[in-house]
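When you get a sec, could you build the whole thing from the sequences and use the hints?
Taken in sequence, the protein lines are chains A and B. So the first sequence is numbered by the numbering used here: it starts at 376 and just counts up by one. So the second sequence is numbered by the numbering used here: it starts at 24 and just counts up by one.
Hints in this document: simulated from the structure, not taken from any laboratory. One thing to keep in mind: the hints can contain errors.
What the hints assert, rightly or not - If we take Cβ atoms under 10 Å as the criterion, some of the chain B residues that face chain A in the derived model are:
hint	residue
1	A140
2	K147
3	I148
These numbers come from a predicted model, not from an experiment. Note that beta-carbon positions come from the ideal geometry of N, C-alpha and C, so glycine has one too.
Residue strings, one per chain:
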Amino acid sequence: MGKLKELVEQMAKALVDNPDAVQVNEIEGEQTSVIELRVAKEDLGKVIGKQGRTARAMRTILSAASTKLRKRAVLEIIE
Amino acid sequence: MMEEKIFEAKSVDQAIEEACRVLGCLPEDLEIEILEHGSSGLFGIGAKKAKIKVRMKPEKLLSERANRAVMFLKELFLSGELKIEPQAQLEKDYVKINLEGEDAALFTANGGTALEALEFLTNKIVARRLGVGAKIVVDVNGFRENRERRLIKMAREAADKAKRTRKPISLPPMNAKERRIVHLALKDRRDVHTRSAGEGERRHVVVYPGPPRKK
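Next comes the structure, spelled out in structure tokens:
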């Protein structure tokens with residue numbers, strides 16, 4: 376189930392100026408996985424986007440990918 | 024890569040203007056090398072033409088954008104262990120990327136919201152590196168075209184029903200792009216008019232009987 380974590384990492388790294396500062400953690404639950412994303416402070420806006428559009432796009436892609444695993448995944452962007 | 028082209032005119036500025044006209048671009052899209060400054064001579068005697076060599080800046084090239092997009096998508100699918108292969112196709116003024124493979128269907132479920140999200144993200148990432156330019160359209164085997172055709176059909180049926188029943192007909196919630204397709208599909212009809220109603224996720228088109236009211 377490490378794939379979803381990597382998926383988020385890949386998206387985040389492509390969006391930010393400091394890819395080395397991208398950290399992704401996965402907390403696996405029985406049915407739901409919580410994926411925590413941390414980025415450099417100045418990159419926060421880049422992963423959230425105008426009116427949260429980028430964050431929403433990442434969540435939508437994550438949930439599309441997670442249906443393959445018959446699991447739910449939640450993306451939390453940690454400030 | 025586009026090859027270099029040489030333009031000649033009375034002055035350097037005119038040569039640049041000519042280059043932009045021929046290539047259909049702005050001066051800032053070009054890398055310009057001045058070969059001859061040219062001179063008007065004395066009473067036109069001994070006049071020399073200005074000569075420039077131009078090349079489209081790489082970030083303005085479709086192929087460059089296509090490569091970036093494909094690279095991002097390939098890595099993304101690989102990291103998520105999804106069996107999807109992105110195939111780029113260069114159209115006249117945009118890049119089309121078709122997703123092939125057994126997992127591509129994951130993105131067309133729920134009316135293609137995930138496909139929309141993927142397209143948004145891909146454009147954002149390409150624009151970050153290469154600046155805003157030609158759009159990248161992400162599709163799964165003509166899903167988008169089919170969706171558009173279905174929306175137009177739906178719009179026409181709703182219009183006929185609104186006319187017949189003389190009652191407004193509400194269509195299901197749609198995103199801005201889809202609502203636009205519906206509005207455009209009915210814009211030339213004199214017997215109905217359309218308007219969007221509702222907020223956020225619930226925003227949808229309503230088809231009203233009667234001609235559009237003049238503002």
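Outcome of the hint check:
With a cut of 10 Å, the hint placing A140/B at the interface with chain A holds, because the nearest CB-to-CB distance is about 4 Å. A hinted interface residue such as K147/B counts as satisfied when its beta carbon comes closer than 10 Å to some beta carbon of chain A; here the least separation is about 7 Å, so the hint holds. Hint status for I148/B relative to chain A: holds, with the closest Cβ pair at about 5 Å, below 10 Å.
Consistency with the previously given hints is maintained throughout, with no hint failing.
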